[in-house]
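> We have chain A already, so just place chain B on it with the hints.
Protein chains: 2
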Amino acid sequence: MERTLYTYFRSSAAWRTRIALLLKGLPHQLAPIHLLRNGGEQHSPEYKAINPQEVVPTLQEGDIAITQSLAIIEYLDEVHPSPPLLPADPLARARVRELALTIACDIHPVNNLKILQYLKGPLGRSQQEADDWYRHWIRQGFDAFEKKLAALGSGDFCVGDHPTIADLCLVPQVFNARRFNVDLTPYPRIVRIDAHCMTLPAFIESQPSRQPDAE
Amino acid sequence: MERTLYTYFRSSAAWRTRIALLLKGLPHQLAPIHLLRNGGEQHSPEYKAINPQEVVPTLQEGDIAITQSLAIIEYLDEVHPSPPLLPADPLARARVRELALTIACDIHPVNNLKILQYLKGPLGRSQQEADDWYRHWIRQGFDAFEKKLAALGSGDFCVGDHPTIADLCLVPQVFNARRFNVDLTPYPRIVRIDAHCMTLPAFIESQPSRQPDAE
Chain A
-16 MERTLYTYFR
-6 SSAAWRTRIA
4 LLLKGLPHQL
14 APIHLLRNGG
24 EQHSPEYKAI
34 NPQEVVPTLQ
44 EGDIAITQSL
54 AIIEYLDEVH
64 PSPPLLPADP
74 LARARVRELA
84 LTIACDIHPV
94 NNLKILQYLK
104 GPLGRSQQEA
114 DDWYRHWIRQ
124 GFDAFEKKLA
134 ALGSGDFCVG
144 DHPTIADLCL
154 VPQVFNARRF
164 NVDLTPYPRI
174 VRIDAHCMTL
184 PAFIESQPSR
194 QPDAE
Chain B
-16 MERTLYTYFR
-6 SSAAWRTRIA
4 LLLKGLPHQL
14 APIHLLRNGG
24 EQHSPEYKAI
34 NPQEVVPTLQ
44 EGDIAITQSL
54 AIIEYLDEVH
64 PSPPLLPADP
74 LARARVRELA
84 LTIACDIHPV
94 NNLKILQYLK
104 GPLGRSQQEA
114 DDWYRHWIRQ
124 GFDAFEKKLA
134 ALGSGDFCVG
144 DHPTIADLCL
154 VPQVFNARRF
164 NVDLTPYPRI
174 VRIDAHCMTL
184 PAFIESQPSR
194 QPDAE
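Quick note, the sequences are listed as chains A and B, same order. So in our numbering, the last one in the first sequence is 198, and the numbering has no gaps at all. So in our numbering, the last one in the second sequence is 198, and the numbering has no gaps at all.
Hints listed in this document are in silico derivations from the structure and should not be mistaken for laboratory results. Be aware that a few hints might be false.
[Claimed, not checked] Quick partial rundown of chain B residues pointing at chain A, CB under 7 Å, derived from the structure:
hint: 1; residue: 35
hint: 2; residue: 49
hint: 3; residue: 50
hint: 4; residue: 53
hint: 5; residue: 62
hint: 6; residue: 84
hint: 7; residue: 88
hint: 8; residue: 89
hint: 9; residue: 92
hint: 10; residue: 130
[To be verified] Only pairs whose alpha carbons sit at most 25 Å apart, straight line, appear in this in silico SDA-like list of lysine to any residue:
hint: 11; chain 1: A; residue 1: 31; chain 2: B; residue 2: 168
hint: 12; chain 1: B; residue 1: 97; chain 2: A; residue 2: 163
hint: 13; chain 1: B; residue 1: 103; chain 2: A; residue 2: 163
hint: 14; chain 1: A; residue 1: 97; chain 2: B; residue 2: 118
hint: 15; chain 1: A; residue 1: 97; chain 2: B; residue 2: 167
hint: 16; chain 1: A; residue 1: 130; chain 2: B; residue 2: 17
hint: 17; chain 1: B; residue 1: 97; chain 2: A; residue 2: 109
From the three backbone atoms N, C-alpha and C, an ideal C-beta is built for every residue, glycine too.
Only chain A is shown next, with the shape it has when bound in the complex (with noise of 0.2 Å):
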């Protein structure tokens, strides 16, 4: 059976969902998907028949295409359980999953591609203003997520001693914080797991200048 997975390199989606692949060692091809190329190929007739939010990532395997990043890598976790991205325990499963969706549901919908779009086309506001809301929603959800490591206890990653779906939400989260200047000062356990998971390979071949359609 083929396994591909539609991304584009910059995707924070589309970075999580790389490194459950490679953390699992499951063999896929990757199929670039340009956001902003032609009028964004997530557009195309063809993409939408798999995927009709016109977002990357999509997994297809076979004729099966499973779409949203956090509903891809669950799966893949329950089809191919090793090594597993969320712990046994229902209390630890839980908080990697608020961890996790923190950043997935409260942090990077606000600030996706088609939101920026919005707010600079149809609300008219200037790049400084997206920036600003960029930074804004990225602070507040930091905050929030800094507080809630502490409360864990955490060390080397966010829950337990191996890497889960909430590390797998952290580290893109964290390169678009840098990429748009966010000061991490306030955040050292934030940083510290990010340092971290980028020792792993799973996280360094799937950052965005690895991948095939890097710019």
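Frame of chain A; chain B shown alone:
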């Protein structure tokens, strides 16, 4: 062990968790947090201590507090598996999660109170522009959601013959769409599922107008 759900009658994220508790028949008390009164009770020191994101819902069980509605629901489903809110098959579970996340990531967070307050405050947008923004993201999300339902051949529920996390996300979002006068004519499957769910006691009793803090 005492179980308390911190909730606000009109919060759609809180409504999802109210449905889950009722479907599973789990004894609990509701602790209303008024999101507007006194500058927002979610910003009080007492509440911030259990939810550093300063949003509802939060589930408290004894001295454990869990945030993020989908993390709460998956936790309840793992600890109290009957009736299940996810199917058994991994692909069907992925279908439920991708539908749920289409709402929980790509519609709801973009439209929640703090975003609308930022649009009207720092960005100086009018009530009309904020309302247009709200309707735009519901329409874009529902367009994709309806196509996904069609591809699944959905009937009375989003996936299969029982309520799942996808339905728990959909019904509160439909309520919001109606509140903002979104034309639902293009979404017959969404309307049908919403109507069917709203015949079930857990959905009826958890709706905003039935809450102790309803206005």
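> What hints, given by number in increasing order, does this structure fail?
none
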